[in-house]
Amino acid sequence: MFYREVGQYKTSYASDLAIFPILQDRIGIIVIVIAAYVLGWTANDFVLNAMMIPFLIFTLAAIGLNILTGYTGLLSLGTGAFMGVGAYACYKLTTYFPGVNIIIWIIASGFFSALVGIIFGLPSLRIKGFYLAVATLAAQFFLEWCFIRIPWLYNYNTSAAIEVPSRTLFGIPVTGANATAETRYLIVLTIVIAMTWTASNIVHGRIGRMWMAVRDMDIAAELMGIRLLPTKLLAFAVSSFYCGVAGAMLVFLWYGGAESTVFSINQSFSILFMVIIGGLGSLLGSYFGAALIFMLPIVLRFVPPHLGIPVHAATVEHITFMVVGALIVFFLIVEPHGLARLWQIAKQKLRVWPYPY
Amino acid sequence: MDILYKVLIDPFAQMVAAPDLLVQTLWEGLVGGMLYALIALGFVLIFKASGVFNFAQGIMVVFAALTLVGLHTAGLPAFAALALTIVVMFALAWSIERIVLRPLINQPDIILFMATFGLTYFLIGFGELIFGGDPKIMITEELYLPKGRINIPAFGGIVSLQKLDIAAAIIASAMVACLSVFFSKTRIGRALRAVADSHKAALSVGISLEQIWVIVWFAAGLVALVTGIMWGARSDVSFALDVIALKALPVLILGGFTSIPGAIVGGLIVGVGEKIAEFYWGPLIGGGTDSWFAFVIALVFLLFWPHGLFGEKIIERI
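Residue numbers (the working numbering), protein chains in the order written: chain R, 1 to 357; chain W, 1 to 318.
Hints listed in this document are in silico derivations from the structure and should not be mistaken for laboratory results.
Idealized CB from N, CA, C, for every residue including glycine.
Keep in mind that a hint or two might mislead.
Each pair of labels, with its calculated beta carbon distance range [unchecked claim]: (1) W/Asp109 / R/Ser15: 48 to 56 angstroms; (2) W/Pro283 / R/Val303: 46 to 54 angstroms; (3) W/Ala201 / R/Ala220: 54 to 62 angstroms.
If you want the ones that stay clear, here's a sample from chain W, every Cβ over 10 angstroms from chain R, calculated [to be verified]: (4) Asp2; (5) Leu8; (6) Ala13; (7) Ile86; (8) Ala91; (9) Ile150; (10) Leu164; (11) Phe182; (12) Ser184; (13) Arg187; (14) Ile260; (15) Thr289.
Over 10 angstroms on every C-beta distance to chain R, these chain W residues come out as not near it, computed from the model [claimed, not checked]: (16) Leu4; (17) Ala17; (18) Ala74; (19) Val87; (20) Ile111; (21) Ile137; (22) Ser160; (23) Lys185; (24) Ala191; (25) Trp281; (26) Gly286; (27) Gly288.
Produce the entire structure from the sequences given, and follow the hints as far as they go.
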């Protein structure tokens, strides 16, 4: 009843092209952003550390993969490795230049990831579909091997792991053991919001339309004058950039230290599932997907004991696997566009309520 | 110059100097490659008949092996457990067709591919929930598989072959022969090939797609069971195979997605290639190359022969 665009006229091209054309949507998004910031000061450490920070980081990775798979139609199974490139690049940069602000290095590490993404994206001009998936698997396994076998990457640590050093921003510790969950959450939130906003602008603009044209039919796109190789490579670069930043944040702002196993093939799959369940080709879907896939194990672990059902930790893990698998099949059958599409349907229903259409 | 010598000359000098070692490495590569080939065979069977790229083949292998061992531990005699496992694989094929494939008819290939991801995860969770995640030992003796080694003196040294590997090679070849006869001579085999060529044309001459799909997934399940026994006899039965099964993908790229001989040859090439590379060139770059070697070979193949060694040349040009 309240969610209605009656009386809201589009009087300029700019307002016609707006991403949130309805006033209620704009208010809603502002409220959500403010609430997210307020949460940083009010919520306890557990909520921030175990739920919100990883959720936001995985969302960013899912947005990255969504740009490649959802918007450009190139299936990638190398997300985990691209995240790893970001993390290791950030680690090397901050050890060589400890004086430079860590936030700058987290963002800059994305460029290294993008470069690697471009190299492994080169075969995409000749192959697609399953074939490309295998090519990205090559990236996954080769890079994972590099993370283990090149000791230079982890500064010859005996533990073969990267340990995050303490870095400060305006005198406040941001990374390392002294940083509070609050600070890290606020930084992650800011980066994720800024990068989501950028991604939204990219996919709604000329580049995004080129990607979608390539996804929908590459031959037609080529005939319309879109050059396939630069378009696909750009998708690989932007996607890997997002994954790289997500990987750097994962290690520097959440784990505080990581081995190569963090960036294994399972990480790639879990991000891919977030994208599929959330909705291919939807930024909002990346948030939904990350929330569902990441929160599901937490919910399964904490809810049954509250209901008086004793469940083993191992059983929870197995059930999570089953539920995730079943959900993927369910979504592909019932709603191939994922949670994002369900959200749209719900909004549409709200707009026409109380009438059926 | 030193590095060039180490890369280009030294490995070959080693090969000539110790031919028995070379033969041993080759044999181990062939045996490892057979496992890849068998997994790839399961992929090819399903891809030929339904155009579905079945990512879950690897986990089906684990699932079949776990069911066999689990049933035997539950008290069934070995061959009764084997028979019951075959029934379970049929039930699995039937339910996959009913629950996953039938509602997804006419969807793009990539959607079906992702659906098999979901299937993989479901089977991992389901298998671990029922049989537990800890590694198990395959019941080789109860199934009358031979044990021990044969040492053949050759090339001035000793080449040591496991009897089990020889048995595995014989069983695998027999199975491939049976499958080829089944595909080319029987009525169902011809129907399978018709479905592979065109779903619509097959439907119009009265072939039931549902029935064919159940049969082909069941056949892939049987292949998975044989693979599971062979692989479980060499190492433990555990979910670690999941990652190894991914190596069937480069095998398919080498051999082509639709060719049974291609899967076999591709598997052997990958197996031998990665063993040789790891043994002679691996130490130069720190070892452990077998985790990615197969994929890099596949990548090179993709750039020059996108349809594989034996595949049909109807690759989609882009």
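For which of the previously enumerated hints does the structure constitute a violation, in increasing order of number?
1, 3, 15, 20, 26, 27
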